[in-house]
Amino acid sequence: MGTRFKGDRNKHLPEDDVAGQSSSSGGDDDDEGPSSLPDSPVDSGSDFEGFSEDGDSYDSGSSDELESGASKLSEKGADAVDTVHSSIDDETAKINGDDNPELHHEIVGNDNNSGDERSDLHNGVEESDSSEDEVAPRNTVGDVPLEWYKDEEHIGYDLAGKKIKKKVRQDKLDAFLASADDSKSWRKIYDEYNDEEVELTKDETKLIRRLLKGKAPHAEFDPYAPYVDWFKWDDAIHPLSNAPEPKRRFIPSRWERKKVVELVRAIRKGRIKFEKPKEEPRFFHLWADDSSAADKTSHLAYIPAPKPKLPGHEESYNPSLEYIPTQEEINSYQLMYDEDRPKFIPRRYTSLRSIPAYDNAVKESFDRCLDLYLCPRVRKKRLNIDPESLKPKLPSRKDLRPYPATCYLEYRGHKSAVTSISTEPTGQWIASGSADGTVRIWEVESGRCIKVWDAGDKVSSVSWNPVPELSVLAVAVGPDVLLLNTGLGNEENQKKIKELLTLEASPATVDDKNTVVSWLSDDRHGHEAIKLRHFKTVTSVEWHRKGDYLSSVLPAGESRAIMIHQLSKKLSQKIPFKLHGLPVSSVFHPSRSILFVATKKNVRVYDLLKHKLIKKLETGLREVSSIAVHPAGDNVIVGSREGKLCWFDMDLSSKPYRVLRCHPKDIASVAFHRTYPLFASCSEDCTAYVFHGMVYSDLNQNPLIVPLEILRGHSNSDGRGVLDCKFHPRQPWLFTAGGDSVIRLYCH
Amino acid sequence: MEIDRWDEEDSSKRVQVRFVTKLKPAYKVPPTSLAIPADVTRLGLSKLVNQLLQNVDADWAPEPFDFMIDGELVRMSLEQFLLAKGISAEKVVEIEYIRAVTPRKEEDPSLHDDWVSAVNGSIPKLILTGCYDGFGRVWKSAGSCSHVLTGHSDAITSVCIINQEGSDSTSIASASKDRTLRLWKINPEVSPNSPTNVRAYKILRGHSAAVQSVCAQQDTGDMICSGSWDCTINLWNTNELSTIDDVVAIKKRKGNNQVEESLMEEEAVSALIGHTQCISSVVWPQKQTIYSASWDHSIKKWDVEMGKDVLSIFSGKALNCLDIGGESSAIIAAGGSDPTLRLWDPRKPASSAPILQFSSHSSWISACKWHDKSWFHLVSASYDGKVMLWDIRTAWPLTVITSHADKVLCADWWRGDSIVSGGADSKLCISTGIPV
Numbered sequence: 000m001g002t003r004f005k006g007d008r009n010k011h012l013p014e015d016d017v018a019g020q021s022s023s024s025g026g027d028d029d030d031e032g033p034s035s036l037p038d039s040p041v042d043s044g045s046d047f048e049g050f051s052e053d054g055d056s057y058d059s060g061s062s063d064e065l066e067s068g069a070s071k072l073s074e075k076g077a078d079a080v081d082t083v084h085s086s087i088d089d090e091t092a093k094i095n096g097d098d099n100p101e102l103h104h105e106i107v108g109n110d111n112n113s114g115d116e117r118s119d120l121h122n123g124v125e126e127s128d129s130s131e132d133e134v135a136p137r138n139t140v141g142d143v144p145l146e147w148y149k150d151e152e153h154i155g156y157d158l159a160g161k162k163i164k165k166k167v168r169q170d171k172l173d174a175f176l177a178s179a180d181d182s183k184s185w186r187k188i189y190d191e192y193n194d195e196e197v198e199l200t201k202d203e204t205k206l207i208r209r210l211l212k213g214k215a216p217h218a219e220f221d222p223y224a225p226y227v228d229w230f231k232w233d234d235a236i237h238p239l240s241n242a243p244e245p246k247r248r249f250i251p252s253r254w255e256r257k258k259v260v261e262l263v264r265a266i267r268k269g270r271i272k273f274e275k276p277k278e279e280p281r282f283f284h285l286w287a288d289d290s291s292a293a294d295k296t297s298h299l300a301y302i303p304a305p306k307p308k309l310p311g312h313e314e315s316y317n318p319s320l321e322y323i324p325t326q327e328e329i330n331s332y333q334l335m336y337d338e339d340r341p342k343f344i345p346r347r348y349t350s351l352r353s354i355p356a357y358d359n360a361v362k363e364s365f366d367r368c369l370d371l372y373l374c375p376r377v378r379k380k381r382l383n384i385d386p387e388s389l390k391p392k393l394p395s396r397k398d399l400r401p402y403p404a405t406c407y408l409e410y411r412g413h414k415s416a417v418t419s420i421s422t423e424p425t426g427q428w429i430a431s432g433s434a435d436g437t438v439r440i441w442e443v444e445s446g447r448c449i450k451v452w453d454a455g456d457k458v459s460s461v462s463w464n465p466v467p468e469l470s471v472l473a474v475a476v477g478p479d480v481l482l483l484n485t486g487l488g489n490e491e492n493q494k495k496i497k498e499l500l501t502l503e504a505s506p507a508t509v510d511d512k513n514t515v516v517s518w519l520s521d522d523r524h525g526h527e528a529i530k531l532r533h534f535k536t537v538t539s540v541e542w543h544r545k546g547d548y549l550s551s552v553l554p555a556g557e558s559r560a561i562m563i564h565q566l567s568k569k570l571s572q573k574i575p576f577k578l579h580g581l582p583v584s585s586v587f588h589p590s591r592s593i594l595f596v597a598t599k600k601n602v603r604v605y606d607l608l609k610h611k612l613i614k615k616l617e618t619g620l621r622e623v624s625s626i627a628v629h630p631a632g633d634n635v636i637v638g639s640r641e642g643k644l645c646w647f648d649m650d651l652s653s654k655p656y657r658v659l660r661c662h663p664k665d666i667a668s669v670a671f672h673r674t675y676p677l678f679a680s681c682s683e684d685c686t687a688y689v690f691h692g693m694v695y696s697d698l699n700q701n702p703l704i705v706p707l708e709i710l711r712g713h714s715n716s717d718g719r720g721v722l723d724c725k726f727h728p729r730q731p732w733l734f735t736a737g738g739d740s741v742i743r744l745y746c747h
Numbered sequence: 000m001e002i003d004r005w006d007e008e009d010s011s012k013r014v015q016v017r018f019v020t021k022l023k024p025a026y027k028v029p030p031t032s033l034a035i036p037a038d039v040t041r042l043g044l045s046k047l048v049n050q051l052l053q054n055v056d057a058d059w060a061p062e063p064f065d066f067m068i069d070g071e072l073v074r075m076s077l078e079q080f081l082l083a084k085g086i087s088a089e090k091v092v093e094i095e096y097i098r099a100v101t102p103r104k105e106e107d108p109s110l111h112d113d114w115v116s117a118v119n120g121s122i123p124k125l126i127l128t129g130c131y132d133g134f135g136r137v138w139k140s141a142g143s144c145s146h147v148l149t150g151h152s153d154a155i156t157s158v159c160i161i162n163q164e165g166s167d168s169t170s171i172a173s174a175s176k177d178r179t180l181r182l183w184k185i186n187p188e189v190s191p192n193s194p195t196n197v198r199a200y201k202i203l204r205g206h207s208a209a210v211q212s213v214c215a216q217q218d219t220g221d222m223i224c225s226g227s228w229d230c231t232i233n234l235w236n237t238n239e240l241s242t243i244d245d246v247v248a249i250k251k252r253k254g255n256n257q258v259e260e261s262l263m264e265e266e267a268v269s270a271l272i273g274h275t276q277c278i279s280s281v282v283w284p285q286k287q288t289i290y291s292a293s294w295d296h297s298i299k300k301w302d303v304e305m306g307k308d309v310l311s312i313f314s315g316k317a318l319n320c321l322d323i324g325g326e327s328s329a330i331i332a333a334g335g336s337d338p339t340l341r342l343w344d345p346r347k348p349a350s351s352a353p354i355l356q357f358s359s360h361s362s363w364i365s366a367c368k369w370h371d372k373s374w375f376h377l378v379s380a381s382y383d384g385k386v387m388l389w390d391i392r393t394a395w396p397l398t399v400i401t402s403h404a405d406k407v408l409c410a411d412w413w414r415g416d417s418i419v420s421g422g423a424d425s426k427l428c429i430s431t432g433i434p435v
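Residue numbers (numbering that gives the first Met the number 0), protein chains in the order written: chain C, 0 to 747; chain D, 0 to 435.
None of these hints come from the bench; they were simulated from the model. Predicted model only: the values in this text are computed from it and were never measured. By construction, the Cβ of each residue, glycine as well, lies at the ideal position given by its N, Cα and C atoms. Among the hints, a few may not be true.
[Claimed, not checked] Think about it this way: if two alpha-carbon atoms lie no more than 25 Å apart in a straight line, the pair counts; the simulated SDA-like pairs of lysine to any residue are: (1) C:K495 with D:D229; (2) C:K450 with D:V303; (3) C:K397 with D:I354; (4) C:K414 with D:D113; (5) C:K397 with D:D113; (6) D:K385 with C:G412; (7) C:K568 with C:L500; (8) C:K397 with D:A352; (9) C:K497 with D:D229; (10) D:K84 with D:D38; (11) C:K545 with D:T275.
[Said to hold, decoys possible] Anything over 10 Å on all C-beta distances counts as not near chain C; from chain D, calculated: (12) R13; (13) T101; (14) D295; (15) A317; (16) R346.
The whole structure should be built from the sequences, with the hints applied where relevant.
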């Protein structure tokens with residue numbers, strides 16, 4: 000029993016320690032210590048195993064270096080334990096629990112098992128202290144220098160007051176030899192105070208090791224054990240202390256205040272930022288369609304039933320008078336279609352009592368039920384696009400000023416429809432040709448006719464030489480092209496013109512069928528003039544920009560349909576290109592030697608220097624009537640007999656960049672302004688349209704076309720409206736030649 | 000009694016007024032304040048003032064008056080005017096009255112052979128007209144032509160009288176579409192029964208296109224300037240006794256009728272270049288300043304000494320006519336290819352916006368002239384056949400003279416109380432009796 004107990008004690012060390020610790024706070028455990036003793040034998044077996052396990056775990060837990068040594072140690076320890084057990088068995092057999100210290104001493108002397116002896120002694124003395132560390136010393140001399148007993152035979156006195164005799168000193172050599180023989184000598188310590196050798200047990204060496212490592216001395220001790228609250232709180236209805244609440248409980252903490260001030264300062268300075276609270280809509284749209292909210296959910300779409308229309312003021316039993324329809328209005332409802340007729344006719348009642356039953360109540364609730372039942376629960380994907388937003392964004396007309404808008408001047412004098420007009424390059428005069436066979440020159444500023452020629456036949460086209468010094472007028476009359484000296488300009492220029500318009504030798508063979516063009520002098524008009532007789536009717540003449548060449552168009556001329564005449568050399572030639580289709584008009588490029596020929600369907604662009612076709616513009620129109628070239632030369636407008644106007648950007652494509660359908664009738668003529676970004680078209684519907692046509696030098700930007708103004712004023716005569724339009728060369732003004740024999744000037 | 004009742008009824012619509020005037024003492028009314036109905040118009044006011052004058056002077060002949068409140072002419076009912084101008088009717092309103100400016104009489108039109116393109120009435124002795132038949136004419140009065148200026152081969156576009164002191168004869172300059180200017184000298188005192196033909200004493204050649212406008216230097220008359228279709232303003236000497244170079248330039252010329260005549264020709268002294276289009280009108284009001292209006296939409300002020308433009312006003316429209324006058328002879332009036340007569344004040348810095356616009360015409364404005372004495376009155380002629388008399392204190396024309404049947408091409412003041420105007424109906428109309 001006792002031996003077991005001893006073993007137990009060793010093994011229970013940590014537990015006791017814990018108990019000791021807790022008991023130190025708790026107070027007395029003198030009773031508890033012994034009371035727990037009876038339990039311990041029951042546990043001991045398992046504890047022992049647990050210990051060995053602990054030992055294993057210790058081994059495994061330690062580093063590899065230690066492992067071998069530790070295993071050795073444990074083996075030795077196990078040996079020691081075995082020896083202890085065997086010796087103790089012997090002892091118990093001899094002593095039978097007798098507490099004789101002397102005997103013990105002998106035993107100690109034999110076995111050198113001080114731990115056992117001490118614990119026995121301890122038990123025998125019944126020292127209250129259960130802690131193993133504070134084993135009451137046998138020697139009772141106290142804490143005096145041991146050299147006082149140096150020369151004595153005893154080392155001190157035991158509890159009974161008897162002298163403890165010094166042991167016989169072993170010879171040093173013998174001691175060494177003994178230690179060398181004794182395998183346990185490495186854990187034997189000489190206790191000077193008690194004058195004995197103490198052999199450390201395995202636990203003690205472990206303990207020392209742990210202490211050396213700076214760990215808690217016992218392996219079982221958990222420094223971080225969960226706190227066990229020993230106090231029972233639940234039934235404590237009274238305060239533990241009756242002391243009044245200390246003042247500090249009521250005073251705001253100074254530290255907290257400092258912290259708060261610091262935080263407030265941080266917030267003010269913006270070091271701490273808060274997330275803005277999500278803004279709630281101020282007004283809740285009570286009658287909003289919930290479908291949008293339903294869209295957000297990913298699961299099956301909820302399609303709300305259609306909401307019935309909310310009643311308005313007119314459905315009040317006593318609505319304001321303005322809601323009450325008059326009898327006429329009620330009568331007019333009868334004439335409406337069922338769909339348009341209002342469903343409800345407001346009426347006034349003096350009181351709620353006088354309201355009759357609603358005749359449609361059943362029907363309407365039935366309809367509503369049908370609505371709910373039969374409503375198509377299918378989401379209609381309907382595009383909700385404002386048609387206004389589809390319109391192209393065009394600049395305001397005000398920003399595109401100046402452009403011709405109002406007619407201020409009329410040039411009257413022709414007896415018949417004015418078929419063609421042409422402006423003098425400085426803008427001082429205009430020339431006009433009419434179906435009455437006259438060519439007139441007008442002063443722009445006053446509207447005065449200053450010259451009249453009788454051409455003899457219907458004038459189809461007039462064209463003023465673009466060189467200001469060379470004021471020669473080309474007039475197409477029947478098969479002839481007349482080159483008239485206008486007589487304007489100063490003497491030097493007149494001299495030059497006269498020289499130009501004189502033929503050195505009159506051609507002899509006029510009647511030759513083969514000659515396409517014959518140059519004749521024409522003396523009929525007083526001034527020097529040249530008549531170019533063609534073999535077919537000429538419909539249009541056009542000057543080259545340098546004023547030396549002019550082209551004439553003979554639609555019936557087939558291969559010789561377009562002739563180019565050189566005024567200085569008095570030469571004519573046909574263009575060396577094959578035309579496909581009837582030519583309508585020809586225009587020279589404003590800066591390069593390129594000729595545009597408009598046939599009924601297409602516009603062909605020829606390079607006159609390289610003698611080749613550069614481009615063919617496909618109009619897609621039924622019949623082209625007129626053509627005009629932008630002063631920069633890269634854009635062409637073409638008017639057609641079906642009232643369509645095509646704008647070609649030649650850099651872009653050979654298809655029209657824009658097709659403008661504005662005139663209900665044939666377009667008779669189109670024109671570009673030389674300097675302002677304007678172009679115009681005139682038609683047989685007696686109107687002329689003015690457009691803003693801005694061409695940008697930036698190649699990435701397409702031309703901007705904005706319709707600006709419809710110019711009216713001409714009257715229809717014999718189905719002929721406006722036959723020609725030309726811009727003033729320097730002002731944003733438009734001249735229009737009407738079938739009503741009037742030329743009008745529209746100014747900005 | 001009735002009136003009293005009516006007064007009481009309508010007392011809320013009465014205005015306290017006092018009539019004041021700067022006219023002669025004979026026109027003055029007692030300076031007492033009166034309560035008059037608020038809905039009275041100019042006619043009512045005029046009647047009232049005549050009544051007051053008659054109370055003072057029994058044999059007062061009624062005369063029309065015009066009324067101004069705060070320097071603006073009343074052209075609607077008094078109530079409307081006060082409301083529109085935000086003038087309080089609580090206080091006594093001071094109404095200044097002036098004699099109404101309207102022509103009393105239309106003289107018989109003086110017939111020409113062709114369109115009358117230019118007229119000048121700057122000296123009271125005569126009226127000078129230019130005509131599209133190439134003749135200039137001098138009229139002593141309506142219907143009596145005293146001189147015909149022959150020589151131009153194309154329409155005369157502008158005439159002016161050169162103000163030269165110390166000579167009993169009158170010098171005239173004319174500009175024509177035949178690219179020349181001619182100087183003439185006539186003696187207006189000689190009054191033959193039939194018109195005498197006068198030939199120019201000097202031809203000024205140098206323009207390469209039609210000359211549109213001519214103007215003489217106002218004070219000395221030594222020089223004239225001319226604006227032309229060739230975009231230049233040329234300055235010319237007018238002295239009859241020219242330098243030796245000019246004498247050399249004397250030429251013998253043979254006319255069609257084989258009459259030998261000697262003509263002095265002269266080149267331009269200098270040219271002012273800067274306009275880009277036809278110069279339609281030039282004015283030379285001060286010694287060193289020329290104003291010009293052009294079809295390139297600008298009005299330029301030229302410094303003659305430097306030969307450069309010192310001011311350029313952009314009007315946005317092609318301009319046909321220009322005149323300087325008004326307050327301290329500084330306000331520019333110009334009209335052009337739209338029905339609006341515009342007034343600019345060049346003294347206002349950094350603004351090219353017109354200070355006033357009169358837009359009662361319905362077509363191009365062909366002429367505008369300031370009255371040479373009054374700061375407020377100007378006359379304008381338009382292609383719509385109307386001549387309008389303007390007071391710049393009101394936006395409505397004072398009078399519209401509709402005696403022309405066709406485009407009016409020119410108009411001017413004559414003798415300070417008449418308007419002369421010529422038009423495409425070949426008539427010179429004279430409206431007289433305008434009490435400015």
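Which numbered hints are broken by the structure, listed smallest first?
2, 5, 14 and 15
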